[in-house]
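Chain residues, written in single-letter form:
Protein chains: 6
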Amino acid sequence: MTNGTAPATPSTPRSTLVVTAHAGDFVWRAGGAIALAASRGERVTIACLTFGERGESATAWREGRSLEEIKGIRREEAEKAAATLGAEVVFFDAGDYPLITTPELTDRLVAVYRQVRPDVVLTHPLDDPYNGDHPAAARTALDARVLAQAIGYPAEGEIIGAPPVFFFEPHQPEMCGFRPEVLLDITEVWNTKRKAMECLAAQRHLWDYYTDLAVRRGVQLKRNAGPNLGLAHKTMAEAYMRPYPQVTEVLD
Amino acid sequence: MTNGTAPATPSTPRSTLVVTAHAGDFVWRAGGAIALAASRGERVTIACLTFGERGESATAWREGRSLEEIKGIRREEAEKAAATLGAEVVFFDAGDYPLITTPELTDRLVAVYRQVRPDVVLTHPLDDPYNGDHPAAARTALDARVLAQAIGYPAEGEIIGAPPVFFFEPHQPEMCGFRPEVLLDITEVWNTKRKAMECLAAQRHLWDYYTDLAVRRGVQLKRNAGPNLGLAHKTMAEAYMRPYPQVTEVLD
Amino acid sequence: MTNGTAPATPSTPRSTLVVTAHAGDFVWRAGGAIALAASRGERVTIACLTFGERGESATAWREGRSLEEIKGIRREEAEKAAATLGAEVVFFDAGDYPLITTPELTDRLVAVYRQVRPDVVLTHPLDDPYNGDHPAAARTALDARVLAQAIGYPAEGEIIGAPPVFFFEPHQPEMCGFRPEVLLDITEVWNTKRKAMECLAAQRHLWDYYTDLAVRRGVQLKRNAGPNLGLAHKTMAEAYMRPYPQVTEVLD
Amino acid sequence: MTNGTAPATPSTPRSTLVVTAHAGDFVWRAGGAIALAASRGERVTIACLTFGERGESATAWREGRSLEEIKGIRREEAEKAAATLGAEVVFFDAGDYPLITTPELTDRLVAVYRQVRPDVVLTHPLDDPYNGDHPAAARTALDARVLAQAIGYPAEGEIIGAPPVFFFEPHQPEMCGFRPEVLLDITEVWNTKRKAMECLAAQRHLWDYYTDLAVRRGVQLKRNAGPNLGLAHKTMAEAYMRPYPQVTEVLD
Amino acid sequence: MTNGTAPATPSTPRSTLVVTAHAGDFVWRAGGAIALAASRGERVTIACLTFGERGESATAWREGRSLEEIKGIRREEAEKAAATLGAEVVFFDAGDYPLITTPELTDRLVAVYRQVRPDVVLTHPLDDPYNGDHPAAARTALDARVLAQAIGYPAEGEIIGAPPVFFFEPHQPEMCGFRPEVLLDITEVWNTKRKAMECLAAQRHLWDYYTDLAVRRGVQLKRNAGPNLGLAHKTMAEAYMRPYPQVTEVLD
Amino acid sequence: MTNGTAPATPSTPRSTLVVTAHAGDFVWRAGGAIALAASRGERVTIACLTFGERGESATAWREGRSLEEIKGIRREEAEKAAATLGAEVVFFDAGDYPLITTPELTDRLVAVYRQVRPDVVLTHPLDDPYNGDHPAAARTALDARVLAQAIGYPAEGEIIGAPPVFFFEPHQPEMCGFRPEVLLDITEVWNTKRKAMECLAAQRHLWDYYTDLAVRRGVQLKRNAGPNLGLAHKTMAEAYMRPYPQVTEVLD
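Keeping their order, the protein sequence lines are chains A, B, C, D, E and F.
Counting in this note's numbering, the final residue of the first sequence is number 1063, and the numbers go up one at a time with none missing.
Counting in this note's numbering, the final residue of the second sequence is number 1063, and the numbers go up one at a time with none missing.
Counting in this note's numbering, the final residue of the third sequence is number 1063, and the numbers go up one at a time with none missing.
Counting in this note's numbering, the final residue of the fourth sequence is number 1063, and the numbers go up one at a time with none missing.
Counting in this note's numbering, the final residue of the fifth sequence is number 1063, and the numbers go up one at a time with none missing.
Counting in this note's numbering, the final residue of the sixth sequence is number 1063, and the numbers go up one at a time with none missing.
Please note: incorrect hints may appear among the correct ones.
No copy is singled out in the list; a pair is fine if it fits within one copy or between any two copies.
To be verified - For lysine to any residue, the following SDA-like pairs were computed, each having C-alpha atoms within a straight-line distance of at most 20 Å:
(1) Lys1045 x Ala1013
(2) Lys891 x Ala1013
(3) Lys1006 x Arg825
(4) Lys891 x Arg873
(5) Lys1045 x His1016
(6) Lys1045 x Trp1018
(7) Lys1045 x Gly972
(8) Lys1045 x Gln1014
(9) Lys891 x Glu879
(10) Lys1045 x Val923
(11) Lys1045 x Tyr1020
(12) Lys1006 x Ile970
(13) Lys1006 x Pro914
(14) Lys891 x Glu880
(15) Lys1045 x Glu1060
(16) Lys1045 x Val1061
(17) Lys891 x His1016
(18) Lys1006 x Gly988
Read the hints as simulated data drawn from the structure, not as lab findings.
Fair warning: this is a prediction, and the values are worked out from it, not measured in the lab.
Could you build all of it, start to finish, from the sequences and the hints given here?
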């Protein structure tokens, strides 16, 4: 109970909602957080706004696949990766490159919020000069989160509280204003994350890239890990930002 | 054990080091955090670099007191307030208005770090256009923290790890680049903080000012407190910044 | 005549335009500025883009009111508060939560600009992670202000000059990048502002909140008020930002 | 009485203190503000911390002058320019390139503050990657201003209030984080400023450079000058920043 | 071959794409860069999203011209100026004041990217509080550039690489967050730029304004020009920002 | 001749000055740039302000070495690494942890500037919350660079021009405000850099860390490398920032 809120009732495990632009994003960037939550018996729901069918599927296009085939491939891969991590995935099929934010899309996501009732939300940061779909997904995630709290907003389900939000790390962090504000120790679920990455066959070149990144963030975790000098050598980590203040009962 | 480190051994309670420019600073700005830690049986050490004898004692000067008298008054008040909160206070008597940073002052603080072995450090933010002593104290606190970690630095005692740092809230937060990154729920120790404030008789006008601030930060805490809609109405809080990333095993 | 412009002709009093997202915003955040201007015999027009019927009327929704009833309640309260302050209020009924910016909405506001011919414009800041309607209203206000200056823009009325703009203070200022750049002394109209706040019965919990804020900004005003040490003790103030440079004939 | 303070007594005209690093700085950057204040019968005191003898006197060094000769030339030029503007100049001779900030230098400036009792202070901005003396002078100006307000600070004279501060424009504004926050109309004293610039014979190449700058800032002034469309065509201006909030009784 | 890429084949000269909001923008802000590229035998294509018919043609409106007449005048002027510089201009006629970004407009620009295959892209910066059309054009330019790289995006032509982007200087640079990151020496094509400016008869007041600016940026170029002290006295320059990292084989 | 300056005379090869806090810094962070310059026959001089004897030599301290022994080890390693890269190294032995900036230290570096006459300068960024010696070295490097340009500054040798400056990448870039503004392709000298890293035996754990970093920056280089889609797959790179504008005759 570190965040100043009352404990959930025993029958309702903690719930995490991950909102991403493309089918693969949740694996590279938040696979560790998802696997950790699942390993604690919590519920994790991934809302993929698009399949990444146009912008993140170059290999399939070069092979001459059709749009529908590509969506199918991406869906299958993402479902396999989500299952590996222990999460459920929901596809919005809103169309990528560009992903266009509309009140209707936001409204669909409000419904998910009110159904999933997240204790924590993960999404993209709000800036990415290399891929406009990522900020579009993040804005939709944040807008829907605010609307889902309003009793006057006309959507099914009970209004929710204000869950904390974490931005996961973009591909080129320094160019997106990303600064690691939270370093999450994912050592114990690292193998699971690696297996989930390997479900994404078409992006094989990213497997090692994101393994190296986890090592790098692990080194930084140890540099910031407090007085415990004997921390095990090989720590794997993911980095996050917090757009809203942390609420806590203890400074640590 | 939310921050990814091994638990302290049972015989060593957690240790907090508070580094401030003037004798009263720790009460107004971190009294809640100090009282909370003390209430959990932890050790809190306050390093006051000066008594605030020139810059924060206008009433006493107007009454015609001498420099030594004023230092004595400030020391007594601060010791009383610290005792009320459950903390120990150490005075450096480095001279205020201006507090001048020197290698010797930093060195004295390194020795305190190695002796106190803090699990967490609280100090001023690095900018304050209204009072240069505050940034000077913060820089000294941060410099000493780094030196205390180096085996090659010639000071007594064992080297320490890298304790997390929190900047407490300055008097005019928006003018100092202060953004609440952590909201600490101090409701249960509020009465203790109020009593400690009342030890500082000469600054009576600040008692209500900092009470109002705690209410205000409490309102914000509730606006960011996650899905718990039924949070008790009157929450008191203190705000902090984190200059270093949070290390954690759970996103919440 | 501190801003380098020629005096208005005697028959045209100064005109202020306030553009807000919801019906209550102008009271909490700019009530002092409005009352001050009105007390000098100036004209103040408030453009409320929505009634705040979905996002700012939780109590009424809990009481089971219909959408139209709620709009009616909000309109009545806002008109009463505006009359108390000495201002006129115009409702756009553009729909809140979310307030969606459209060329049509901007066009309607251009017409108001050309009719009201403001000497000064007040609106929300451009960032607010807690409420997207506020930035949407601010963007509309700024866009319309630019279009209203262009002779080629097809709207009724004469083109206007470039009135200075002030952003009033949001609910969680540090989270919105708000820094007090202007502190307005509202002591002499404080009672009027308080009365206007009390017209908003459903938000009774904010009456004291915004009274405390006025005290706090008043303390800061005195800390920045120049060489006059004897300034009266109880000063009430409102804080503003300036997105455009101040134009002046004297530095003070 | 636009800034919320009581009027000065009739016998004490307003007082302006200008703190600069080098002998010529006040002419190029604040000559208009100085001439305007003087033209209103106000007192202006310029504190030049150095003569700019090493860093700003390349021509004289190339002519083979000695250090003392160069100081003499710079002093004479600066006195002539100050007299042209209607101001008095005080030299600290603290040594330039680099200007080193010391408690002693700050203390000498505190004494000037308490004697001059400024209603407004002008100095350099705090960043300048092309000339470290400028930020050093600005820091000294700001530190001394705070100390001069403290009754406990041991210097001659009565303590002062908190005068507003304005940063004048550096040579390469965008590289110094300079943003025009205040545009001062200096049209009516432009000829005086030009004459003062022409007192600085060795920097003849800057005469036109700073004339062009005044035209440029004048164009911007008109773009921000409010509803007065008929503003005279040739407006000359100087730009300033405000590190502290403006205090006012009217938004304009 | 300073940027790490293979040389273009001899038969394909380098290609530059300039994306602007209004018909005159490319002359004032990038005329030097365009003339330089053309003088090296390179291809330059200017995509004007609007004629600036409403927002940048006040004189013509005051003369009572019709919308179509004004578009014609602007088109003619812009074509003449482009020819003077040695570039080709394409008009999108998307409507200005406000320029509204739509997927269709972006799509039309993607087609231009794939056809022109730019080695370098010039456009407006992303912020401009004085003219919302400029950021709208810049966002369209950046979005289209990303889409044009995606094999999955359904547009005619081959996908392109990721050309470097440069933001040219806005009218009020400090208010738009503009910092000169690149200073381009345009001395040798200055006369050509001046002639192109003189094609824009209705904005005669800007001819000298932008001449002065080129002198000013030239002075700064010399202050940053490295060890060559003998650089010719009268250097003319244009300033640019880089939103993406420079890629190079040599640091200079 | 991409930067707008006249070519060096044939007999004077280009000169690079690298200013670092500790003996190992130049290898990890700028080894590629140094090896590239040397491979082109240019002169590279490394000014190490300290040996890193206290702060960067934990292993040696744990082995019980004396201060002088450690300095000797570090000197030897650094000289070997510099020789591998093709550079010369100069030790200032100014004492680390903390490295204290003094006018005397700056003066010694001014003399090196006037002797080496650099065409380009490499140093640390100005912020590093993990190691205050790095910013201290950077400030000294920048201050000395300005003084070395002034004819009035009393040091041996001819004054220099204003060489461009590059900040190399710190260990935790996002925490130091580091954004890759320049990506330098070091593929062809990678083996040399790796060999130089292997001269630093005590920091073996960094060999792979900085190899991974070069891969990562190489991936980003390719993402920003312009229209050349066929760029070789395995590109190694180093990232830099530019505190001063780039001066150029071509935008690429």
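Right, here's what the structure says about each hint:
1. Lys1045 x Ala1013: Answer is between: at 19 Å across copies they meet the 20 Å cutoff, but 28 Å inside does not.
2. Lys891 x Ala1013: within (14 Å within a copy, 44 Å between copies)
3. Lys1006 x Arg825: Answer is neither; intra-copy 24 Å and inter-copy 38 Å both fail.
4. Lys891 x Arg873: Answer is neither: 23 Å inside a copy and 43 Å across each miss the 20 Å cutoff.
5. Lys1045 x His1016: Answer is between: at 12 Å across copies they meet the 20 Å cutoff, but 23 Å inside does not.
6. Lys1045 x Trp1018: This pair counts as both: shortest intra-copy Cα distance 18 Å, inter-copy 16 Å.
7. Lys1045 x Gly972: between (38 Å within a copy, 18 Å between copies)
8. Lys1045 x Gln1014: Classified as between; 16 Å across copies, 25 Å inside a copy.
9. Lys891 x Glu879: within (18 Å within a copy, 48 Å between copies)
10. Lys1045 x Val923: neither (38 Å within a copy, 31 Å between copies)
11. Lys1045 x Tyr1020: Cα proximity of Lys1045 and Tyr1020: in one copy and across copies (17 Å, 13 Å).
12. Lys1006 x Ile970: Answer is neither: 36 Å inside a copy and 33 Å across each miss the 20 Å cutoff.
13. Lys1006 x Pro914: Result: close neither inside a copy nor across copies, 36 Å intra and 38 Å inter.
14. Lys891 x Glu880: within (17 Å within a copy, 50 Å between copies)
15. Lys1045 x Glu1060: between (30 Å within a copy, 15 Å between copies)
16. Lys1045 x Val1061: For Lys1045 and Val1061, the Cα distance is within 20 Å only across copies (19 Å; inside one copy 28 Å).
17. Lys891 x His1016: Classified as within; 19 Å inside a copy, 36 Å across copies.
18. Lys1006 x Gly988: neither (29 Å within a copy, 34 Å between copies)
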